[in-house]
Amino acid sequence: METRRVPRAVSDPKVRQVGFFAPGAPPDRSQSGPPHPASSSPPVSEISPSGNSLSPVMIPPPRHLSADLARGPHFSPAAPLSPMRAARDSIPVGSYNPSEFVAPTASEFTDDALSPNWTARRSNSGKFASSLPAGGFDMSSLKQNNFPASSLTTVSIVNMPPGITEKDGGAGVEVQKERSKTGSKASLKPLKEQTTKAERRAIQEAQRAAKAATKGDGSKTPAASSGLGSSANANPGKAAKASPQKKDNSPVAASEKRGSDRPQDKDRKKDVPHPRMQFDDKSRVEKAKKRSVVKQTEAKNRVELFRHLPQYEHGTRLPELESKLFQLDPVHPAVYKVGLRYLAGDISGGNARCIAMLQAFQESIKDYSTPPEKALIRDLTSKINSYVSFLIECRPLSISMGNAIRFLKSKIAKLSLALSESEAKAILLSDIDRFINEKIILADKVIVRHAVTKIRDGDVLLTYGSSSAVELLLIHAHELGKNFRVVVVDSRPKLEGKLLLRRLVGKGISCTYTHINAVSYIMHEVTRVFLGASSVLSNGTVYSRVGTACVAMVAHQFRVPVLICCEAYKFHERVQLDSICSNELGDPDMIAKVPGRKEIDSLDDWANSDNLQLLNLIYDATPSDYVSMIITDYDTSH
Amino acid sequence: MPDMQGLVNELIDKLKKRRVKGSLETPLQTAELLRSVISVQKLPPTNKAAALINAVRDVGEKLIAANPVELSVGNVIRRVLHIIREEDLSPSSDEAGDNEEEITWLRDNTAPYVAEIIRPPLLHMLHTFSSAEEKSKSYIFGRSRKLKHDVIEAINMLIEDVNICYELIAEQAVEHIHHNETILTLGWSRTVLEFLLAAKDKKRSFHVFVAEGAPRCHGHALAQELVGRGLKTTVIADASVFAMISRVNMVIVGVHAVMANGGVIAPVGMDMVALAAQKFAVPVVVVAGIHKLRPLYPENPEVSLNDMRSPSELLELGKFSDCMDFGSVDGAPLVHVANPVFDYVPPELVSLVITDIGGHKPSYIYRLIADYYSSQDYVRYGRDALFKL
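Top line first, the protein sequences correspond to chains R and Z.
Going by our numbering, 66 is the number at position 66 of the first sequence; the sequence numbering is gapless.
Remember, our numbering sits 1000 above the position in the second sequence when you count from 1.
Since the hints were made in silico from the structure, they are not lab data.
Keep in mind it's a predicted model, so treat the numbers as computed, not measured.
Some hints here could point you the wrong way.
Derived lysine to aspartate or glutamate pairs resembling EDC-like cross-links, with alpha carbons at most 20 Å apart [claimed, not checked]:
{"#": "1", "chain 1": "Z", "residue 1": "1203", "chain 2": "R", "residue 2": "625"}
{"#": "2", "chain 1": "Z", "residue 1": "1279", "chain 2": "R", "residue 2": "625"}
{"#": "3", "chain 1": "R", "residue 1": "593", "chain 2": "Z", "residue 2": "1167"}
{"#": "4", "chain 1": "Z", "residue 1": "1232", "chain 2": "R", "residue 2": "304"}
{"#": "5", "chain 1": "Z", "residue 1": "1062", "chain 2": "Z", "residue 2": "1088"}
{"#": "6", "chain 1": "Z", "residue 1": "1042", "chain 2": "Z", "residue 2": "1171"}
{"#": "7", "chain 1": "R", "residue 1": "593", "chain 2": "R", "residue 2": "610"}
{"#": "8", "chain 1": "Z", "residue 1": "1232", "chain 2": "R", "residue 2": "605"}
{"#": "9", "chain 1": "Z", "residue 1": "1203", "chain 2": "Z", "residue 2": "1167"}
{"#": "10", "chain 1": "Z", "residue 1": "1200", "chain 2": "R", "residue 2": "610"}
{"#": "11", "chain 1": "Z", "residue 1": "1232", "chain 2": "R", "residue 2": "373"}
{"#": "12", "chain 1": "Z", "residue 1": "1232", "chain 2": "R", "residue 2": "610"}
{"#": "13", "chain 1": "R", "residue 1": "498", "chain 2": "Z", "residue 2": "1316"}
Next up, chain R with everything else stripped away, as it sits in the complex (with noise of 0.2 Å):
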């Protein structure tokens, strides 16, 4: 999470190595075992709860990480946060990870959840990170990975049965922080990475021969692979041998992801269409066509930058989604009503949808059964995965719900075969719920209490859109009556910033609403700026509400900070350089309508002009430079 530039000139060569490092690795392998069992295995005990209570996007100066150790995993608001300055200066040293072992993790997960689609993906930007430099957000993917399978408030979590991917993820933050530590010698770093790739090879195979071998015996499987899996943290020159012809293929998949994923995929069910599917890519287009529930013209007048990404007709979908309610088998009732919100947009904003999706899967759980001569992991699996596309087809996920996603399969597939139907449904509801609580509603909380803590008697906070935690941060910092102005700067179409206005003005708190264009203007008088993030991602761009770049780069440019509140399960381990690679189209007639201006219609009639294209996005992406600070639930970082 680098904001200036001379961090960045620190790690660059680093980068730069790894990605060269990557092919060649496998001789130093043997060399490279010895010395990382004693560093990593005597303290995986402690570092499970550190991870736990890390926040996943920072590797923070060494203060911070043994003050997090003492804390618990939620800790208090009156955490050492350094001043921005300092931190600025600071330079987190093993923040640019490479993030070789991503990929192993994605591949594991792959096996674990048994969800072709969202497999194909993570094993595609896993891929996809190992030849980028991604930054320190390689925990982020363990978290979501490995450490939602225990209870997210247990400090002895390694004791836990599904142990495995505990350790899994202990290894992972002992090799992060080994490597904050020894970030500077390179040449150790890279060989850490070959053990722990290796490491996790062979905790996915050890599992995956678990699992096969203990068919119904729940209680034996974890043990045993929790077994293997720490012998695999001691023995990494054992788990090595497993490792070579993958990694030999990596780097290849890097190269060509798009050639490489085909074959991947191949071998798995096609329920639900890619999550990023190129949409440029016509006969997965057709494929992904004849599967889906809702009928979808594709939208005239495309612009053609943006061929890759879908657009459809936007008045044809509801009714034809309406009408077929009461027809539709195999989407949930439940589900099928957060579809058609999404589509509606009744819904918008990550969390609100998150939390929808998570609800309507809840429903669709407590209603289910297990159809006679199947098994309730793979069934609810693919029931989930159907969702999922309808869902998709609805609206294109947003990043935050694929997490959630995420979590609720390999929830899913953790499960014990041992338990029954009702103990397994009580079971996910609990852990849905949990999840919505702790990660969603509970770090929502927790970035509050950080944030209220930047807001000083006479700012003038400037928000940008209309971000759930912002609000929550304003409305919290004014009941504790902090003396503020807030700045609601909005944008067409979807002025969503109108709504935040009334809200705000409706506690009692003096606002001043302006539109994008001006924030020029109004920036003159603002003290921070305060934005939402739909996503984090690991080269630390913000994936935020399209805009938001624009308000962050005014504000950078007036030496005004620019403060992130994005809660933790929202980052992803995916890099993008700018906003055109992946994002979401709108409806692109909101562009042609103003409402409550009838003068200005000159192009009502757009789409019968083949010159004429409206773009219409929904996101875009900041540079890191632009940040000062993101606060997650887990801790700030800088």
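Position chain Z relative to chain R; hints supplied.
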């Protein structure tokens, strides 16, 4: 003169009510008004130029006060003043070489009448009393007719310049726009429209992104015009500017005024666009007629050279009127709405200014200003510094 006064008041009224808008109408109307002011102005026998200058200034101050942010009014007035000074001086400069001789010759009183006829106006005051009254009177009459005539001619040329500046600027389009380029623009500008169309007419095919320029959304109109002429156009929301700028080759924008330091007063949102362009090293090209050159340096331009428009463009007053009225503890309204019209873009962010006389670096603008204005009309100190803005 009551007729003249009526005309002046009419334009003042229009400016105050913002009925005259745009960088074409305003300078034209101002120049035409000044032309008629000059044509009906009765000139005293002596110091005719000063009389004209004072007359123009009187009207000019009122016009400027009527709409201080319509900068082209002030620019045209200063141009006219400059014209008067130039015209006043030009005959003298033609005959400057002769002056010394004349004076000595006159003092010899050898041929006073001949000298009288070719006497330059600057020397007039020295000699009116020493020479024959009748002759000088007839000469003065002729000279005043000539001065007025020249000034009016020059103002006509100025009007002509304003009218054809679009063509002159557009002629340069081919030098800047090439095949397969992607160009971004913001809001509506006739100069930009003509510029792009000129390139299109030269068979260049390129793509235009138009940021709509909320809340007035004039970009829609521009997009429609471009599409009507067969250009590939994409309308984007202003917020998407940062997302799209990485794929743009050039930002071409029209502006409200170009300041003496090379900074520009542009439609709101331009600062954001220019910053984004700078981030991605995309050149920002400003197209502006020479009459938009403002001979002053900006002082706090965001406030002093800005115009705030009605909040109703941003918020429906019906929905939010209660919030605006009900006060917090001290009775102040809770909601403020900022709806500025202009942005100031500093010269660092501008790559090129294209005027009717060619393209210039922003740092060269001060030099152009010296060509088109007299320093007496914009220097803020001294006897002549009458303009408040």
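Going through the hints against the structure:
no., hint, in the structure
1, Z/1203 - R/625, "41 Å, violated"
2, Z/1279 - R/625, "11 Å, holds"
3, R/593 - Z/1167, "33 Å, violated"
4, Z/1232 - R/304, "11 Å, holds"
5, Z/1062 - Z/1088, "24 Å, violated"
6, Z/1042 - Z/1171, "42 Å, violated"
7, R/593 - R/610, "19 Å, holds"
8, Z/1232 - R/605, "16 Å, holds"
9, Z/1203 - Z/1167, "17 Å, holds"
10, Z/1200 - R/610, "17 Å, holds"
11, Z/1232 - R/373, "59 Å, violated"
12, Z/1232 - R/610, "8 Å, holds"
13, R/498 - Z/1316, "10 Å, holds"
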